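Each chain, letter by letter, is given below.
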Amino acid sequence: MVRAAVRRRNFLGLRVLSDARSELRRAGVLLVAAAVLTGCAGQKTSPLLPPPPSERLRLGFGKVAVASGRFPPTFDIVDGPAKGAGQGAVRGALLGAAYTMGGGALAGPIGLVASTFLLPVGAVGGGIVGGVTAESAAKVEERVAALSRSLSPRKIQNDLVNRVAGTGREQTSGTFTVLAERTMVNLNGRADYRSLVEDGTRTVLEISVVELALRGRAAEVDPSLNLAMTVKTRLLRTADDAELYRNSLTYSGGRGRTLAEWLDDEELLRVEVDRATEVVAEKIVDEVFLVVPFPRPGKH
Amino acid sequence: MRGLVAVVFLSLAACAAPLEVAGLRPLSPEPFSRPPKLESLQPELRWERFPRPMDLKDDRGGWVSRVRHVTYDLRIWRGSRDPNGYQEVYPAELVYSRTALATPEHTVETPLEHDTQYLWSVRARFELDGQQRVTPWSVLLQPGQSTIDDPRSMSVPPRRYYRFATP
Chain V
117 MVRAAVRRRN
127 FLGLRVLSDA
137 RSELRRAGVL
147 LVAAAVLTGC
157 AGQKTSPLLP
167 PPPSERLRLG
177 FGKVAVASGR
187 FPPTFDIVDG
197 PAKGAGQGAV
207 RGALLGAAYT
217 MGGGALAGPI
227 GLVASTFLLP
237 VGAVGGGIVG
247 GVTAESAAKV
257 EERVAALSRS
267 LSPRKIQNDL
277 VNRVAGTGRE
287 QTSGTFTVLA
297 ERTMVNLNGR
307 ADYRSLVEDG
317 TRTVLEISVV
327 ELALRGRAAE
337 VDPSLNLAMT
347 VKTRLLRTAD
357 DAELYRNSLT
367 YSGGRGRTLA
377 EWLDDEELLR
387 VEVDRATEVV
397 AEKIVDEVFL
407 VVPFPRPGKH
Chain E
58 MRGLVAVVFL
68 SLAACAAPLE
78 VAGLRPLSPE
88 PFSRPPKLES
98 LQPELRWERF
108 PRPMDLKDDR
118 GGWVSRVRHV
128 TYDLRIWRGS
138 RDPNGYQEVY
148 PAELVYSRTA
158 LATPEHTVET
168 PLEHDTQYLW
178 SVRARFELDG
188 QQRVTPWSVL
198 LQPGQSTIDD
208 PRSMSVPPRR
218 YYRFATP
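Going down the list, the protein sequences come from chains V and E.
With this note's numbering applied, the first sequence has no gaps in its numbers, which climb one by one up to 416 at the end.
With this note's numbering applied, the second sequence has no gaps in its numbers, which climb one by one up to 224 at the end.
Just so you know, these hints were derived from the structure itself, not from any lab.
Watch out, some of these pointers could steer you wrong.
Which chain E residues stay away from chain V? Per the calculated CB distances, all over 10 Å, these [stated by the list, open to error]:
1. P75
2. L76
3. S85
4. E87
5. F89
6. S90
7. P92
8. H126
9. V127
10. Y153
11. A159
12. D186
13. V191
14. P193
15. M211
16. S212
Pairwise CB distance ranges (calculated) [to be verified]:
17. E359/V with L198/E: 27 to 33 Å
18. P163/V with E87/E: 30 to 36 Å
19. T173/E with D315/V: 49 to 55 Å
20. L158/E with D195/V: 19 to 25 Å
21. E77/E with R310/V: 45 to 51 Å
22. R412/V with P200/E: 19 to 25 Å
23. Q189/E with R412/V: 18 to 24 Å
24. A221/V with P93/E: 29 to 35 Å
25. A262/V with Q99/E: 27 to 33 Å
Note that the structure is predicted; figures quoted are calculated from it, not measured.
Think of the CB as a built atom: it goes at the ideal place given N, C-alpha and C, for glycine as much as any other residue.
Modelling step: build the complete structure from the supplied sequences, incorporating the hints.
Dropping the structure here:
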């Protein structure tokens, strides 16, 4: 029995050692990846919006029905806090190494050389701090679940549809109606709005919140998380369900908070979601119905 | 040595030159990379009239000649540091908004906060063939900026509105 216990302890010890080695390997790979990515940090890419619909197209819009996309958005935490001491240690080690290198680089060439030798010290120090400060995986999962429960993705989607219709009525002379929550779907599961022709609706503006997330930075142990909301818009002609225009917008919130801070005051998240809804709704109405780009030089 | 002086001089000149913009250009305060510190909590803001001479030139015989009843929309946001770090400030809170201003100038009617950075933008609102239309909100363009700062970026809200700081 004693032997069995010793074997088990040895086995557990080896597993811990093996886990630590695996984490260190991952740290090494991440360190190299971080170094490569740092070089590319200046090259942020973000897709551009297509040109707004032409005036000729806009003339044919007539009565517009605003509809919800079929799939309610998913809520996710992307690059959130480290889950457990292992992940915390890895991230802490990376941060420690990065700060050591960064600090050395600020001191000039000699500092840079010195920081290369001090890199392991920074990494180990950061690893210890990260390992100690990281919350357990269970605690992080529990917080994520609690935050998810406080949001209703379907309500957010419906609020956006209503806000777009309201903004459309305020800002344009067009007629906007809101379709009932269930999108009209044919037997193949595709949206089918052709029956709307009968009540004089010529155009459907379909709005889908495809992503709702709190986004952080993977390199930090307990990162500041910002709200991100991605919305896809399609404009369809009811006569033949032809797609006239489509775009995609991503709201990225300004004020970030840690997961614990967002949970401490759920009202803060509701306010931020409301702000996102307002900003996105206005941008959709602007792009689809109102904005005329300035003439480009040389285009006659 | 002379070369070094020339490089330093050119760099300083570049910093002091007003920035390029997309949209109606601000005339006061001018668009510099550092937000100008204003002397009043109720600043007077002025910008280009629409249509601009270049719009008429670039769109000869096009839609610009059919523009009627031009007015202007103005917005001011309180700026806040962007925790993502890729920009200095982002429009945290809309604090002032005016629609359908008759002329391309406006004196802020309610005092803004002391020692605060603000972002502001304008656009023209007009009738085109009897329909209400607007120009895009004006933004700063900075050399070497990323596509996230492009006026046509799919990322909202824009971070590159014009800026000023209050005394």
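Hints, verified against the model:
Distance check for P75/E against chain V: the nearest CB is about 19 Å away, which clears 10 Å, and the non-interface claim stands. Even its closest Cβ contact with chain V, about 17 Å, leaves L76/E beyond 10 Å, as expected for a residue assigned away from the interface. Look at S85/E: its CB is around 21 Å from the nearest CB on chain V, clear of 10 Å, so calling it non-interface holds up. At the 10 Å boundary, the C-beta of E87/E stays outside the reach of chain V, the nearest C-beta of that chain being 20 Å off.
In this structure F89/E is separated from chain V by more than 10 Å, as the shortest Cβ-Cβ distance comes to about 22 Å. No Cβ of chain V comes within 10 Å of the Cβ of S90/E; the nearest lies about 17 Å off, and the non-interface call holds. With a cut of 10 Å on Cβ distances, P92/E stays outside the contact zone with chain V, its closest approach being about 17 Å. Even its closest Cβ contact with chain V, about 13 Å, leaves H126/E beyond 10 Å, as expected for a residue assigned away from the interface.
The claim that V127/E is not at the interface with chain V holds, since no C-beta of that chain comes within 10 Å of its own (minimum 12 Å). Interface exclusion of Y153/E from chain V stands, the closest Cβ pair being 16 Å apart, more than 10 Å. No Cβ of chain V comes within 10 Å of the Cβ of A159/E; the nearest lies about 19 Å off, and the non-interface call holds. A beta-carbon of chain V comes within 10 Å of the beta-carbon of D186/E; the shortest separation is about 7 Å.
Non-interface status of V191/E relative to chain V is broken: a Cβ of that chain comes within 10 Å, the nearest being about 5 Å off. Taking the minimum C-beta to C-beta distance to chain V, about 6 Å, the non-interface status of P193/E is violated against the 10 Å cut. In this structure M211/E is not separated from chain V by more than 10 Å, as the shortest Cβ-Cβ distance comes to only about 5 Å. Not every C-beta of chain V lies more than 10 Å from that of S212/E, the closest at about 5 Å, which undercuts listing it as non-interface.
A C-beta distance of roughly 32 Å is found between E359/V and L198/E, which places it inside the suggested range of 27 to 33 Å. At roughly 32 Å, the beta carbons of P163/V and E87/E sit within the given window of 30 to 36 Å. The given range of 49 to 55 Å is respected by T173/E and D315/V, whose C-beta atoms sit roughly 51 Å from each other. The hinted range of 19 to 25 Å is not satisfied by L158/E and D195/V, whose Cβ atoms lie roughly 43 Å apart.
Checked against the hint of 45 to 51 Å, the C-beta distance between E77/E and R310/V comes to roughly 47 Å, which is consistent with it. Judged by the Cβ atoms, the range 19 to 25 Å given for R412/V and P200/E holds: they are separated by roughly 20 Å. In this structure, Q189/E and R412/V meet the distance hint of 18 to 24 Å, their C-beta atoms being roughly 23 Å apart. Look at A221/V against P93/E: about 33 Å separates their beta carbons, and that is inside 29 to 35 Å.
The hint said 27 to 33 Å for the Cβ distance between A262/V and Q99/E, and at roughly 45 Å that hint is violated.
Violation of the numbered hints given earlier is confined to hints 12, 13, 14, 15, 16, 20, 25; the remaining hints are satisfied by the structure.
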